[in-house]
Amino acid sequence: MSNRLSPFLAVMMALGFAFLYGPIASVIVYSFNASRLVTVWAGFSVRWYGELFANEQIMRAALTSFEIALMSATGALILGTATGFVLSRYRRFIGRYFFGALVTGPLVMPEVITGLSLLLLFVAMEQLFGWPRGRGISTIVIAHITLGMAYVSVVIEARLSAFDRSLEEAALDLGARPWKVFAVITLPLIAPALVAGWLLAFTLSFDDLVIASFTTGPSATTLPMVIFSSVRLGLSPQINALATILLVVVAAFILISARLVARTRRSAGS
Amino acid sequence: MNTLTRGDRWRRRAVIWLPYGWLLLFFLVPCLIVLKISLADQAMGIPPYTPLIADGQIQASIANYQFLTSDSLYFFAYGNALLFSAGATLGCLLIGYPLAYGIVRAPLAWRNALLLLVILPFWSSFLIRVYAWVGLLKGNGLVNNFLINIGLIHEPLALINNAFAVYVGLIYSYLPYMVLPLYATLEKLDPALLEAASDLGCRPAQAFWRVTFPLSWPGVVAGSLLVFIPMCGEFIIPDLLGGPDNLMIGKVLWDEFFNNRDWPVASAVAVVMLVLLVVPMGFLRRFLTSDRA
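Note that the protein sequences, when read in sequence, are chains A and S. When the count follows the working numbering, it moves up by one through the first sequence with no breaks and lands on 319 for the last residue. When the count follows the working numbering, it moves up by one through the second sequence with no breaks and lands on 298 for the last residue.
Derived by calculation from the structure, the hints in this document are not laboratory data. Idealized CB from N, CA, C, for every residue including glycine. Just so you know, not all the hints are guaranteed correct.
Footprint (simulated), chain A over chain S, 3 or more residues, beta carbon under 8 Å [claimed, not checked]: (1) 13 to 25; (2) 74 to 84; (3) 96 to 110; (4) 153 to 165.
Computed Cβ-Cβ distance ranges for the label pairs, DEER-style [as the list claims (entries may be wrong)]: (5) 86(A) - 288(S): 44 to 52 Å; (6) 288(S) - 240(A): 27 to 35 Å; (7) 218(S) - 182(A): 41 to 49 Å; (8) 59(A) - 218(S): 17 to 25 Å; (9) 222(A) - 115(S): 22 to 30 Å; (10) 218(A) - 264(S): 56 to 64 Å.
Work the whole structure out from these sequences, hints included.
This is the structure we're talking about:
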């Protein structure tokens, strides 16, 4: 396409980006507001950051969410990589079509239904086998792995389908066993996609309110649940401070993974 | 690959069946349980529904579904969900198309940076992005304060807990999902087509409507489905930004479950929602897997 922006297009783009970033900017600016009233400016202050870190409920929830996201992302990475590998490399096995349909299920299912259905499963399992006894971190992790693996598999499959298979085939011809080819050749080649997939699964888990609310029990309260209940009660400058920290962390994550993607593009030559 | 040993075959089977088994147990079985419980009755105790098989007989009833049709609240909430989602999808398209098109036509050096700017909000917390709008729109919020300060209005406008706020929240939250597939199709368009159109005497605007837009149709459809389906089940946005008149079915399901503790009715709501969405979900699935051989 020709590299010319018409004035109309430039204005529309500027408005579009203003729409995307205006609200985020307002949250960040007002996190440094001295007033308790979130929407009335009363001078610069970082006191809400101090109060945020002193807020035990929020800190505990943040730790719980972090723990859940770490476990879910790792589980989702393992199962999602296996899924992506199966879909791109195993052309024929019994039930392949159904498997493909099943993988995209969690991607297209509305969250409220995923959450409700998993909760009903956990309750039924507890009735039948006595496990899981009550719900909490472990049931949220299972739910998040199910969601995350679907996303990871899309990332991994795209990567596996894009790269040159001749290296794998050469290694097989030279007598390497399939699992060795996977470990020594395939895995290093898709490493950036693995990192991107893990980060995606981590973010999905860390951010999820709906599925976690259904599948949790009294023992586990995640950060989105605390944010949600406090927003329902009214705005709080502490939440602005928390939002600002999360946004900065996410921006850093994105820049790192964008770097990684750019590097793989160069090394894959595509 | 025709010299697989026994161990290789065994490993291959494990690689297939580990994720397959996981998805059967934690995706397919739960869906079937929802269907089963939607046919049960609410009961006291744990779990709060009647068993499907009691005294050697199947105790299924469609009473919950009859209940859904008897109360206009449900009809209204389903209709609202579809209506809000359709309107907000159109809104995303109107804002997202120029954005995606502009990024494609921007100088090459800017393109990745601009794309990154679209992706960034998509990765940041959904809840916090909705929270930002609460601060902007509420009675003594930033928009009203600003308008009063510049003297444009004297009384705060009612900007929140109404349909307007729900539309804004939906469009804002799902915009990145619309831009990305649009960008992907627009980027692939061959510039030679536009040159040919211009050589043949087509004006730029005409060329856009007769060449670019029809060719970007797959991106339009994919983006629209990608935002429409999750919007229909949305709970957070109608809850935080909507008012009592802006019920959407995702919120009704949540309330049935958490407030009324009526699991069978919540399940029936979910089943009907799935039936309404199964056609768009099937199309979306085809788009998500269209690269697959």
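Non-conforming hints, listed in increasing numerical order
Structure breaks hints 2, 4, 7, 9.
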